[in-house]
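Next come the chains, spelled out residue by residue.
2 protein chains.
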Amino acid sequence: MRTVVVFSLLLILFSSNLFAQTSDADYCRYVNPFIGTERMGHTFPGASVPFGMVQLSPDTDTIGYWDAENNRYNKKVYEYCAGYQYEDNTIVGFSHTHFSGTGHSDLGDFLIMPNTGELKLTPGTEENPDSGFRSRFSHEQESAAPAYYSVELQDYNITAELTATERVGFHKYTFPEKENQRIILDLVHGIYSYEGKNVWTFVRVENDTLVTGYRQTHGWARTKTVCFAMAFNKPIKNYGHKKFSEEIYNGFYRKFNQEENFPEMAGHDLRAYFEFDEKESNEVQVKFALSSVSTEGAILNLQTETPNWDFDQVRKEGREKWNRELSKIHVETMTEDQKIVFYTAMYHSFLAPIEYMDVDGKYRGLDQNIHTADGFTNYTIFSLWDTYRALHPLFNLVQPERNSDMAQSMVAHFSQSVHPMLPVWSHYSNENWCMIGYHSVPVIADLIMKDLYKGDIDEALHACATTAKYAKYDGLGDYMELGYVPADRQGSAVSKTLEYAYDDWTIMQIAGKAGNNKLRQEFAFRAENYKNTFNPKSGYMHPRNANGDFREVFDPLDTHGQGFIEGNAWNYGLYVPHNVDALVEMKGGTKAFASMLDTLFTMHLDDAHIAQHEDITRDGIIGLYVHGNEPGHHIPYLYNAAGKPEKTQEKVRMILDVMYTNDTDGLCGNDDCGQMSAWYIFSAMGFYPVCPASNVYALGSPLVKTATVELPGGKYLHIKAENQAQDKVHVKKITFNGEKLEKPEITWEMIKDGGELVFYMKK
Amino acid sequence: MRTVVVFSLLLILFSSNLFAQTSDADYCRYVNPFIGTERMGHTFPGASVPFGMVQLSPDTDTIGYWDAENNRYNKKVYEYCAGYQYEDNTIVGFSHTHFSGTGHSDLGDFLIMPNTGELKLTPGTEENPDSGFRSRFSHEQESAAPAYYSVELQDYNITAELTATERVGFHKYTFPEKENQRIILDLVHGIYSYEGKNVWTFVRVENDTLVTGYRQTHGWARTKTVCFAMAFNKPIKNYGHKKFSEEIYNGFYRKFNQEENFPEMAGHDLRAYFEFDEKESNEVQVKFALSSVSTEGAILNLQTETPNWDFDQVRKEGREKWNRELSKIHVETMTEDQKIVFYTAMYHSFLAPIEYMDVDGKYRGLDQNIHTADGFTNYTIFSLWDTYRALHPLFNLVQPERNSDMAQSMVAHFSQSVHPMLPVWSHYSNENWCMIGYHSVPVIADLIMKDLYKGDIDEALHACATTAKYAKYDGLGDYMELGYVPADRQGSAVSKTLEYAYDDWTIMQIAGKAGNNKLRQEFAFRAENYKNTFNPKSGYMHPRNANGDFREVFDPLDTHGQGFIEGNAWNYGLYVPHNVDALVEMKGGTKAFASMLDTLFTMHLDDAHIAQHEDITRDGIIGLYVHGNEPGHHIPYLYNAAGKPEKTQEKVRMILDVMYTNDTDGLCGNDDCGQMSAWYIFSAMGFYPVCPASNVYALGSPLVKTATVELPGGKYLHIKAENQAQDKVHVKKITFNGEKLEKPEITWEMIKDGGELVFYMKK
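If you're matching them up, the sequences are chains A and B in order.
Just so you know, my numbering puts 730 at position 727 of the first sequence, and the rest follows in order with no gaps.
Just so you know, my numbering puts 142 at position 139 of the second sequence, and the rest follows in order with no gaps.
Don't read these hints as lab results, they were simulated from the structure.
Hints may contain errors.
A pair counts as met if it fits within one copy or between any two copies, since identical chains are not told apart.
Distance condition first, Cα-Cα at most 20 Å in a straight line; then the derived SDA-like pairs of lysine to any residue [stated by the list, open to error]: (1) Lys-365 <-> Thr-375; (2) Lys-475 <-> Tyr-256; (3) Lys-246 <-> Glu-198; (4) Lys-237 <-> Met-599; (5) Lys-540 <-> Glu-555; (6) Lys-755 <-> Glu-713; (7) Lys-123 <-> Lys-718; (8) Lys-475 <-> Asp-211; (9) Lys-540 <-> Lys-594; (10) Lys-472 <-> Met-764; (11) Lys-475 <-> Phe-255; (12) Lys-746 <-> Ala-517; (13) Lys-746 <-> Asn-582; (14) Lys-457 <-> Asn-520; (15) Lys-472 <-> Asp-211; (16) Lys-766 <-> Asp-730; (17) Lys-516 <-> Thr-750; (18) Lys-743 <-> Asn-520; (19) Lys-258 <-> Gly-494.
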């Protein structure tokens with residue numbers, strides 16, 4: 004692990020000036036965007052505003068190949084989900100779209116790279132940076148903060164500074180005196196790039212300061228189009244491009260020298276360059292707007308969000324946007340690092356989903372047609388298998404309007420999809436079908452149960468119930484017929500059964516709220532299906548074949564081919580969030596259950612049993628508990644149901660301490676669009692949504708000294724840990740508004756209008 | 004040559020019932036869509052309405068490959084510009100977009116093929132039709148008429164019938180009893196197809212009777228997208244698809260069996276099939292709507308234009324639309340075949356340009372953004388090097404509103420293009436840069452000079468003048484500097500100089516009309532540039548180098564590399580339409596000029612001097628006069644300027660007789676989007692626009708006995724040939740409204756309000 008030097012220095016400078024607890028306090032100073040950029044966190048350090056479409060960030064590499072034989076990427080590439088690895092020494096350029104924390108990837112659209120000297124139109128290699136336009140850099144000359152990133156590009160002596168609005172990336176490049184000035188626009192570049200990924204690219208030099216175009220790719224998003232408008236702060240002197248795949252048809256364009264100063268570029272793989280007069284000034288600024296709709300939409304976004312050439316103003320406004328969002332939870336912590344980890348978790352929680360529409364509400368739908376968001380803001384990037392657990396529940400506390408908009412975006416997706424389904428894992432007008440379950444449903448249900456959903460409830464219920472009945476999807480036909488997903492027909496069958504049952508329970512909740520008794524009963528019945536994959540003989544959730552037999556050869560420790568995904572029967576098998584008491588009974592009652600949890604947290608898992616997957620590091624594992632993946636995120640809180648809340652408290656505090664640090668490798672697994680960070684935020688405040696849509700939160704042990712949460716409607720939830728200390732992890736007593744809580748839980752109904760939750764730590 | 008049997012039979016049946024000269028007369032019976040479908044006419048026999056976006060027509064093959072070494076197609080493919088060759092024995096299927104008469108090609112989008120028996124998803128070869136889904140057919144069981152085509156698919160005993168509206172192709176397939184019913188949708192198929200032409204295809208099965216999608220290709224139109232909506236008259240029972248190029252990335256779609264009943268298909272090259280219950284009925288009908296905008300737009304077009312399942316009604320309305328347009332000129336001819344040739348020429352003249360917008364006015368512009376046509380109908384397919392000569396001038400007589408809309412579409416193109424140019428050769432939101440000149444200009448000028456242009460004249464003038472100054476284009480920079488296009492820097496330099504000079508003269512005309520004296524003078528000066536490429540020593544328009552020297556090695560008979568395109572110094576060198584008198588002087592005065600023309604029409608041109616190009620057949624050549632290509636189309640009328648109008652009369656009548664016949668190979672060269680046909684229509688009526696934008700028509704010798712032309716504003720021009728006979732080609736006297744014409748010409752101003760033009764043929 005390495006500590007971020009620059010950032011630590013900043014902290015020392017500012018440490019005498021801790022926040023004033025006013026709404027305009029500068030929370031941004033506690034954000035370290037480098038956390039998670041080393042190894043498997045898969046976060047990016049670049050510039051973005053909260054939930055913005057633009058993530059303008061340095062890419063240190065994206066190399067790799069699609070391994071067709073195994074239908075997956077080669078391992079190296081898994082590291083580059085966010086385009087940046089802290090250990091790298093070169094920067095290829097700055098691209099405008101990045102996932103935060105995913106384990107599969109895409110995006111990296113529109114790489115911009117400033118340079119000087121001779122023209123090079125390939126990026127070159129890390130081993131030999133001089134072979135291309137990439138540049139060496141050093142972390143000593145790099146800094147990152149919310150909405151701002153800067154780095155010295157050593158090979159060119161160029162200072163690169165980046166900021167952003169929701170839809171515009173704003174670049175400021177300071178060139179050395181008297182050197183030629185060139186900006187490369189690389190449309191071949193992309194994250195998870197491979198030959199043939201680019202479907203088409205199209206670029207027009209509209210005039211001497213404006214360039215437009217689009218890039219279509221075929222990747223995780225199968226049919227993806229992103230349009231752009233790029234403005235320069237001074238006239239282009241000279242420009243050109245080269246194509247980097249075979250010219251299939253040239254036609255009568257052969258009349259022209261297309262490679263130089265020809266304003267119309269199109270092809271599969273092209274890289275363009277733009278040169279500027281160094282005598283005018285030593286700065287080149289670029290405003291780069293995105294649109295899913297059209298270049299016309301991108302121009303509109305550009306003009307609306309960045310009407311002026313004022314980089315510092317945009318940077319300042321970006322920081323203000325972040326401060327507004329970060330201020331939603333004000334914490335006091337025991338250490339500086341805890342505060343940094345906390346606010347960085349807040350920061351990472353607010354990077355996705357992203358706003359996905361033009362300033363006029365137009366966006367590209369699943370059908371690739373242009374739709375207008377009517378009465379909501381449209382969002383995309385729904386990593387729902389991850390984020391329904393804690394991220395969206397967190398949004399219900401501090402981003403309720405956005406969360407409702409996200410749910411409405413999911414219902415819009417449903418209405419546009421040719422499959423009668425809400426999103427599973429969707430991004431950029433595509434369903435990518437990654438992971439399992441139909442976890443839009445619990446997100447929508449949680450909103451509805453909390454009266455925060457602003458769309459039509461019956462429409463939402465229809466979408467949820469219809470989704471849950473799409474027989475084509477991932478064993479769902481069999482599940483409806485047999486009551487479980489048969490393991491001889493489907494991979495990850497047990498995981499699917501368990502998650503479908505939970506999702507069905509949340510549909511029951513909506514149906515109850517909507518007064519639809521028929522659907523309530525139907526889904527109440529389905530919600531019990533977890534029982535059908537439980538084998539009383541083995542005592543495990545156990546893969547079961549279509550004929551009703553449980554599989555004979557079965558290793559409950561193995562994470563491969565045993566009916567689970569990113570887990571095994573030991574940990575994933577504990578997934579019955581909507582009826583933990585029943586789970587405890589199935590596992591032999593509270594005592595046996597507590598003992599089983601003890602074993603789970605202490606058993607040594609040998610390498611053979613760990614998934615050959617780089618989503619997690621060994622650091623993310625405690626016994627059989629795997630914090631680096633999501634299916635176990637509720638497990639530490641299950642001790643409560645076993646009558647051992649003190650063990651929940653221990654485990655939670657241990658995880659908070661060990662698995663999250665203020666280091667570049669301070670995340671123990673993929674941040675997964677904020678789910679890992681949201682777990683931290685909840686747990687650090689002492690509570691967690693074990694079962695979204697139940698309105699119940701389990702109570703753990705807070706890490707903070709105090710927290711103030713700005714709830715919907717301007718109410719405040721104050722959380723306090725009396726006698727808080729690093730070594731005091733056990734809670735003696737918990738009160739809410741002065742009344743002692745008899746059970747280690749609290750409900751939405753109790754806290755939604757604010758109040759004071761006090762944890763009395765054992766001395 | 005072979006006569007079309009079916010058609011002849013029809014004629015016999017109807018011949019006792021010749022037109023009633025009323026507006027509802029059935030002119031369609033005189034259209035033989037098979038004319039030009041053999042060898043080089045490149046017409047298609049399928050169903051279309053006048054200027055409709057849909058040309059639903061059988062493709063007998065499209066085989067071929069792009070010959071990268073020579074940057075051209077292999078010869079075989081040149082034959083398939085319209086997808087159909089009369090000599091072929093198999094039909095691959097019916098696709099929805101076709102050029103009429105072009106010499107380069109593209110389109111062939113969305114091939115539909117009904118079949119029975121086992122599933123085959125490749126077309127197979129002509130040699131072995133059973134190897135794929137194609138079918139044998141016979142001309143005995145084929146018929147074609149305006150807006151209707153039918154054929155028996157012998158391999159399947161399926162009767163295929165096709166009709167169309169502007170934006171919808173309507174298919175009716177009658178299957179044999181008790182045979183399985185299948186419709187193939189082939190998205191790989193295309194005209195001028197080659198590996199990599201497909202950029203992306205996308206198909207959604209929206210419900211059990213509606214399928215939508217789009218196809219993006221990279222061809223003559225560099226970046227082309229066509230969207231569709233396909234409706235069936237009965238539910239799909241079963242469907243599927245296969246991809247025919249390597250799967251680049253499959254991602255999590257691998258969860259599904261995508262090949263069967265999976266409603267979302269996307270990839271580079273895919274073919275889909277849809278199966279129907281034969282017990283329901285033995286018919287499968289398909290409505291297939293196009294849109295350049297979106298699948299949503301295609302659905303709107305489908306619902307608006309074909310709300311019902313009434314094939315016969317649509318067919319009837321299609322025929323009515325054709326009768327309305329064909330009735331614009333009513334002729335009486337000496338023979339039945341002449342009438343057929345005349346109305347087929349009318350038919351071919353009204354197949355392009357095509358309406359290119361959705362019913363709500365939206366269309367895809369050059370910038371690939373969606374625009375709305377405001378105050379005009381947007382058109383595409385502008386084969387302007389061909390069509391400015393006679394087709395657009397013909398439109399000014401009988402399609403003035405459409406022609407004005409076409410010109411406004413050109414100005415819209417100008418406003419959307421990143422090049423400051425009006426269309427050169429444009430189709431489907433693309434400039435394809437084919438051929439030379441900037442011949443949007445004379446089209447616009449001709450409209451403006453006739454007071455028929457409904458757009459803003461100053462805006463049009465700006466577009467024309469700006470186009471003429473785009474230095475990057477085809478030697479135009481040198482032309483502006485030197486006064487000619489230098490042959491040592493540009494191919495076809497002499498042709499370009501001559502055409503630029505003429506185009507410039509038409510800008511002068513507009514500027515005069517608009518009162519812009521500066522531009523008038525500027526372009527009057529440029530209009531004289533033809534003189535700069537005339538070499539008094541050789542007596543020819545002569546390739547000239549940038550240093551001012553005429554090229555020393557020069558063969559005025561050669562059509563290769565001598566500064567001309569599709570011609571040589573002898574024929575193309577006579578291209579000074581705006582100052583024929585000056586040309587005559589340059590060529591030594593009227594006597595020498597007439598003598599030179601005599602030689603031109605009689606000289607034997609050996610094979611070595613004929614372009615190795617299949618645009619024309621030997622039948623299209625009379626001496627050095629090449630009617631199969633356009634640059635000489637005015638030449639027969641030049642005898643008038645040499646004081647030998649009787650020779651104009653002879654040559655015109657000879658060409659009318661010899662070069663146009665009621666046969667499948669009845670066109671002597673590419674019809675070129677109607678230019679060849681428009682030449683026929685004008686010349687058969689006795690006049691021709693030698694110099695569009697001059698408002699003067701040269702008079703020749705009519706072939707018709709009488710003609711009545713419906714002019715703008717409900718005025719009628721009556722043309723009569725007194726003593727007309729097959730062997731009477733010379734004109735004794737010509738009167739207009741009873742007054743004898745002293746010169747063999749007539750002006751727009753004379754005829755625009757109607758009148759009577761009488762040719763007194765020599766007895």
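For this session: First find the shortest C-alpha distance between Lys-457 and Asn-520 inside one copy, then the shortest across copies, and answer within, between, both or neither for a cut-off of 20 Å.
Result: Result: close neither inside a copy nor across copies, 22 Å intra and 64 Å inter.
Problem set entry | Copy assignment of Lys-540 with Lys-594, given that the CA separation must stay at most 20 Å | Only inside one copy: Lys-540 and Lys-594 sit 19 Å apart there, 114 Å across copies, limit 20 Å.
Exercise. From the Cα coordinates, with 20 Å as the cut-off, is the pair Lys-516 and Thr-750 best called within, between, both, or neither?
Worked result: within (17 Å within a copy, 81 Å between copies)
Problem set entry | Intra- versus inter-subunit Cα pairing at 20 Å for Lys-365 with Thr-375 | both (4 Å within a copy, 16 Å between copies)
For this session: Could you figure out if Lys-237 and Met-599 sit no more than 20 Å apart (CA to CA) within one copy, between two copies, both or neither?
Result: neither (67 Å within a copy, 59 Å between copies)
Problem set entry | Intra/inter-copy verdict for Lys-475 and Phe-255 if alpha-carbon distance must be at most 20 Å | Intra 48 Å, inter 14 Å, cutoff 20 Å: inter-copy only.
For this session: Since the copies are identical, ignore which copy is meant and state whether Lys-540 and Glu-555 lie within 20 Å (CA to CA) inside a copy, between copies, both or neither.
Result: within (11 Å within a copy, 101 Å between copies)
Exercise. Between Lys-472 and Asp-211, at a C-alpha cutoff of 20 Å, which is it: within one copy, between copies, both, or neither?
Worked result: between (55 Å within a copy, 18 Å between copies)
Exercise. 20 Å Cα cut-off: does Lys-743 pair with Asn-520 within a copy, between copies, both or neither?
Worked result: Answer is neither; intra-copy 36 Å and inter-copy 94 Å both fail.
For this session: Using 20 Å as the alpha carbon limit, work out where Lys-475 and Tyr-256 are close: within a copy, between copies, both or neither.
Result: Only across copies: Lys-475 and Tyr-256 sit 12 Å apart there, 47 Å inside one copy, limit 20 Å.
Exercise. Given a CA cutoff of 20 Å, do Lys-755 and Glu-713 count as a within-copy pair, a between-copy pair, both, or neither?
Worked result: within (10 Å within a copy, 79 Å between copies)
For this session: State whether the alpha carbon distance between Lys-472 and Met-764 is at most 20 Å within one copy, between copies, both, or neither.
Result: neither (47 Å within a copy, 83 Å between copies)
Checked against the numbered hints above, the structure violates hints 4, 7, 10, 12, 14 and 18; every other hint is satisfied.
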